[in-house]
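Fit chain B with the ligands to the given chain A structure using the hints.
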Amino acid sequence: MSLSTVTSTSSRQAGSVSPPQSGTNSAGGIIAGRLSAQDYAAGFADIHPALSKHEAFVEADRCYFCFDAPCQKACPTSIDIPLFIRQISTNNDLGSAHTILDANIMGGMCARVCPTETLCEEACVREAAEGKPVKIGLLQRHAVDAMMAQAQAHKTHPFKRAAASGKKVAVVGAGPAGLSAAHRLSQLGHDVALFDAREKLGGLNEYGIAAYKAPDNFAQKEVDFVLGIGGITPTLNKKLGKGIHLDTLRRDFDAVFLGIGLASVNTLGLSGEGKLAGVREAIDFIADLRQAQNLATVPVGSHVVVVGGGMTAVDAAVQAKRLGALSVTIAYRRGPADMKASAYEQELAKINGVIIRHWLKPVRLHGNTGAVSAISFESTAMIDGKLTGTGQITKFASDMVLTAIGQILVSDDFNEAMTVRDGKIVVDSARATSLHGVWAGGDCTATGEDLTVSAVEDGKQAALAIDRALRA
Amino acid sequence: MADLRSNFLGIKSPNPFWLASAPPTDREVNVTRAFKAGWGGVVWKTLGEEGLPVVNVSGPRYGAIHSGDRRLIGLNNIELITDRPLDINLREIKQVKRAWPDRAMVVSLMVPCEEDAWKKILKSVEDTECDGIELNFGCPHGMSERGMGAAVGQVPEYIEMVARWCKQNSRLPVIVKLTPNITDIRHAARAAKRGGADAVSLINTINSIMSVDLDMMAPSPHVDGKGSHGGYCGPAVKPIALNMVTEIARDTETKGLPISAIGGITTWRDAAEFMAMSAGTVQVCTAAMTYGFRIVEEMKSGLSDWMDAKGYQTLEGFRGRAVGNATDWQYLNLNYVVKARIDQDLCIKCGRCHIVCEDTSHQAITNLVDGARKFEVIDAECVGCNLCVNVCPVENCITLVQQTSGIDPRTGLENDRGYANWTSHPNNPSAVKAAE
Ligand SMILES: Cc1cc2nc3c(=O)[nH]c(=O)nc-3n(C[C@H](O)[C@H](O)[C@H](O)COP(=O)(O)OP(=O)(O)OC[C@H]3O[C@@H](n4cnc5c(N)ncnc54)[C@H](O)[C@@H]3O)c2cc1C
Ligand SMILES: Cc1cc2nc3c(=O)[nH]c(=O)nc-3n(C[C@H](O)[C@H](O)[C@H](O)COP(=O)(O)O)c2cc1C
Ligand code: SF4
Numbered sequence: 138m139s140l141s142t143v144t145s146t147s148s149r150q151a152g153s154v155s156p157p158q159s160g161t162n163s164a165g166g167i168i169a170g171r172l173s174a175q176d177y178a179a180g181f182a183d184i185h186p187a188l189s190k191h192e193a194f195v196e197a198d199r200c201y202f203c204f205d206a207p208c209q210k211a212c213p214t215s216i217d218i219p220l221f222i223r224q225i226s227t228n229n230d231l232g233s234a235h236t237i238l239d240a241n242i243m244g245g246m247c248a249r250v251c252p253t254e255t256l257c258e259e260a261c262v263r264e265a266a267e268g269k270p271v272k273i274g275l276l277q278r279h280a281v282d283a284m285m286a287q288a289q290a291h292k293t294h295p296f297k298r299a300a301a302s303g304k305k306v307a308v309v310g311a312g313p314a315g316l317s318a319a320h321r322l323s324q325l326g327h328d329v330a331l332f333d334a335r336e337k338l339g340g341l342n343e344y345g346i347a348a349y350k351a352p353d354n355f356a357q358k359e360v361d362f363v364l365g366i367g368g369i370t371p372t373l374n375k376k377l378g379k380g381i382h383l384d385t386l387r388r389d390f391d392a393v394f395l396g397i398g399l400a401s402v403n404t405l406g407l408s409g410e411g412k413l414a415g416v417r418e419a420i421d422f423i424a425d426l427r428q429a430q431n432l433a434t435v436p437v438g439s440h441v442v443v444v445g446g447g448m449t450a451v452d453a454a455v456q457a458k459r460l461g462a463l464s465v466t467i468a469y470r471r472g473p474a475d476m477k478a479s480a481y482e483q484e485l486a487k488i489n490g491v492i493i494r495h496w497l498k499p500v501r502l503h504g505n506t507g508a509v510s511a512i513s514f515e516s517t518a519m520i521d522g523k524l525t526g527t528g529q530i531t532k533f534a535s536d537m538v539l540t541a542i543g544q545i546l547v548s549d550d551f552n553e554a555m556t557v558r559d560g561k562i563v564v565d566s567a568r569a570t571s572l573h574g575v576w577a578g579g580d581c582t583a584t585g586e587d588l589t590v591s592a593v594e595d596g597k598q599a600a601l602a603i604d605r606a607l608r609a
Numbered sequence: 003m004a005d006l007r008s009n010f011l012g013i014k015s016p017n018p019f020w021l022a023s024a025p026p027t028d029r030e031v032n033v034t035r036a037f038k039a040g041w042g043g044v045v046w047k048t049l050g051e052e053g054l055p056v057v058n059v060s061g062p063r064y065g066a067i068h069s070g071d072r073r074l075i076g077l078n079n080i081e082l083i084t085d086r087p088l089d090i091n092l093r094e095i096k097q098v099k100r101a102w103p104d105r106a107m108v109v110s111l112m113v114p115c116e117e118d119a120w121k122k123i124l125k126s127v128e129d130t131e132c133d134g135i136e137l138n139f140g141c142p143h144g145m146s147e148r149g150m151g152a153a154v155g156q157v158p159e160y161i162e163m164v165a166r167w168c169k170q171n172s173r174l175p176v177i178v179k180l181t182p183n184i185t186d187i188r189h190a191a192r193a194a195k196r197g198g199a200d201a202v203s204l205i206n207t208i209n210s211i212m213s214v215d216l217d218m219m220a221p222s223p224h225v226d227g228k229g230s231h232g233g234y235c236g237p238a239v240k241p242i243a244l245n246m247v248t249e250i251a252r253d254t255e256t257k258g259l260p261i262s263a264i265g266g267i268t269t270w271r272d273a274a275e276f277m278a279m280s281a282g283t284v285q286v287c288t289a290a291m292t293y294g295f296r297i298v299e300e301m302k303s304g305l306s307d308w309m310d311a312k313g314y315q316t317l318e319g320f321r322g323r324a325v326g327n328a329t330d331w332q333y334l335n336l337n338y339v340v341k342a343r344i345d346q347d348l349c350i351k352c353g354r355c356h357i358v359c360e361d362t363s364h365q366a367i368t369n370l371v372d373g374a375r376k377f378e379v380i381d382a383e384c385v386g387c388n389l390c391v392n393v394c395p396v397e398n399c400i401t402l403v404q405q406t407s408g409i410d411p412r413t414g415l416e417n418d419r420g421y422a423n424w425t426s427h428p429n430n431p432s433a434v435k436a437a438e
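Just so you know, the protein sequences line up as chains A and B, in that order. Residues in the first sequence are numbered consecutively from 138, following our numbering. Residues in the second sequence are numbered consecutively from 3, following our numbering.
Check the hints yourself; a few may be wrong.
Stated by the list, open to error - Dumping the calculated DSS-like pairs for lysine-lysine here, alpha-carbon to alpha-carbon at most 30 Å:
{"no.": "1", "chain 1": "A", "residue 1": "LYS210", "chain 2": "B", "residue 2": "LYS351"}
{"no.": "2", "chain 1": "B", "residue 1": "LYS351", "chain 2": "A", "residue 2": "LYS269"}
{"no.": "3", "chain 1": "B", "residue 1": "LYS38", "chain 2": "A", "residue 2": "LYS210"}
{"no.": "4", "chain 1": "A", "residue 1": "LYS305", "chain 2": "A", "residue 2": "LYS269"}
These are computed hints drawn from the structure, not numbers from a lab. In this text the structure is predicted, and so the values were computed from the model without any measurement.
Just chain A, with the same shape it has in the complex (with noise of 0.2 Å):
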């Protein structure tokens, strides 16, 4: 998709972006409370809303019904999309949800975070037809959204669990690939015990994914709705290789799922990292923004730079900028090509207002009574197939500077035990590790792309799995 086709074919328009208007608190360093509580409710806003009723009925009925249809196969989880947005267009709401979240449980999400651009809508035959793929992922929404108000309302949940087995798995993580895990387990009648180390269950849901796409606290809630099928007691602040270890789990339980995501990230591996104050992990930037209360008290730099590529990158990016920075850089090594944050992402950082740099290195932090100044950066080129810098030096004047060069697996408990390569946990078609009795999925795994709907499908796929061998 060349860029500047992504705003006009897109359902998910990368606009309605309100800059700042009133007031914007321009003073250097690091400092919260940069705009008006009017600013900071626009800029964090929904960034797709829903559907109204009428619109997913109009929508609803631009769909196909393809044989065999393409959107399906494009998505990882294999929603049958055909007869959902059927569903839609019959006034059947809850029925359409119940065939959505039959496939992803986390429905609701992937609605909202899935780059549908490069997944289901752009296999989609009025893609190909008029540029104008048919909503899948607003169609999905207004189905799971509807089932998660009626599950709320009335204290129920659409699925029920089958005879107890007996069987007790321990998922680890529970973030997407566990939460997905978790749940199909318990609805196939095992019970399971869901660990995490941290104070929310969600994964990414809850401390990555961007405020703007998720608003309204809905990882919590859609927590809640996943749990809500009962069979599923979770832990909280209960970290492997801390308080549990691989080998009683195994002990312990019938089976095991590990979806523990990436823990930890990679550094630039330049002095001063970790001593000056304002240089800070990208990923600890948004998981602070996404925990606050209030948004008026979340800190930013007046002159941001962001090192790196991907789609924390430009979270990392759109999200400072619109807390009030007052410039933005995302500098990145490689082209434009090699970004893997999507021309979609791209295109919502620029007209977000953030200048991408390409072909530039971090080389050097520059530093003034503790705390960053400056970024120097080295040109590079690609000579003979190999990434080279040029010898050209950039500086740009910095208070604030976030690294978002990619996150790496902590796999301290089960090195010896697991084969891991490449740091990621190797895993067959049916998720099981090298280890028996023990089955992964999500980031911390090489299955698919880095993303919320494949953690999810990996987690399902390895219930399933479980399910087979407890049941042999």
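Chain B with the ligands only, in chain A's frame:
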């Protein structure tokens, strides 16, 4: 610029687009608005006997069916004839006709089946200086229970009798409006002709119940929990009307009987189709009730542009030209062979052609070619049924192509076998054998 003027039974109008007898023609304000908007004529909302007028329900009169995007494709009503006093209607008709002398003003009538009743109303209608009358033998609800409307239209003898009374007691041209709620429209049309009617108009509405309210367990829309059948009209009824018009146009007894066509006419193209099947004027109700009077602009310009493109200078230039090509099934050429062709450049790969052919027709469209998603017609299976063409969402992506040479791989027969129909087919037990 094509000449759209129409002359129907001597009734002149600047264009053939009339509003059918219905709410759009119920009163002076509406009709004046219609004429301002450019309609060629109206058939005034049906008048009844002098005396206390009929009473309509105060609950919903209309129901509808919609396509996906709430586009109205069928309308149902339980409205009766005019519920305003006769004298007011007559006064307004006269006023409007005087103000708009170049427009057609036809008055629709429905009174009890007694000659005196008809005589009486005909007299007062003539006084309005209107151009003609239309006998409403079609209304399927309310009036038929009182022995009028469809109750007359369903009995050919009554049609003939009332038509004759009207011809004998009035100098005005008489149009008999037919009900479609019968088995064979030709009997009704023949009766009208025998009675001396100058023309027929059709169709009136079709008996219908639009839906059932599954909470109330009652027909919907309902009046205080109960529903009755109404009359169905709008785009959905056009094919039914077109068939009935065609039947009358090609019937040996009624051939040449002027027809004012009604039923689902929404665009210039609908109108042109009815006229190609011999209609002299067309009447519109639902389309106006859906979009307002301004649609006539599209109808006029569309018809005129099409006539210019085709070189037809007047309506008579193309009127009735399609009638000769409407025939009975038994005369269709069984040796005419077509195969579907899918334009791969236009194909958006939805696969609907494949699945409908696979599930419900002749398994004649691939879904994979060399392992890739591709939809191609298998000539050895394709019977040329047109189903894939009809379900394809892209216009002209699938077409039927005539096979004029070589062998049809499905039947093993030559493609250029010349005309032959069922009447002489060897499988026909009563085939006419060619002389040996
Ligand atoms: C900033 C950012 C933005 C993103 N935006 C999008 C987006 O818009 N759309 C999209 O599809 N994807 C997005 N992603 C990717 C997506 O969030 C991940 O692919 C997805 O969350 C992976 O799910 P997971 O369950 O494997 O891991 P996680 O969501 O990371 O969950 C892992 C869980 O395991 C817990 N855990 C970790 N280690 C241990 C341990 N030792 N013991 C116990 N518990 C442990 C963690 O606390 C966490 O709760 C984004 C990622 C980031 C970082
Ligand atoms: C609300 C309504 C009232 C009607 N009333 C009459 C009527 O009084 N007399 C009559 O001859 N036809 C009446 N009709 C039938 C229309 O004149 C016309 O024959 C029919 O609606 C089909 O045309 P259409 O598809 O363009 O609507 C009525 C139709 C509607 C929708
Ligand atoms: S490809 Fe598009 S049109 Fe076809 S089923 Fe999927 S969403 Fe509907």
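Hint-by-hint comparison with the structure:
Restraint check for A:LYS210 and B:LYS351: the C-alpha separation of about 13 Å stays at or below 30 Å, so the hint holds. As the CA atoms of B:LYS351 and A:LYS269 are separated by approximately 15 Å, the hinted pair is consistent with the 30 Å bound. For the proposed pair B:LYS38 and A:LYS210, the alpha carbon gap of about 56 Å is over 30 Å, so the pair is violated. Restraint check for A:LYS305 and A:LYS269: the C-alpha separation of about 47 Å exceeds 30 Å, so the hint is violated.
This entry does not satisfy hints 3 and 4, going by the numbered hints stated previously.
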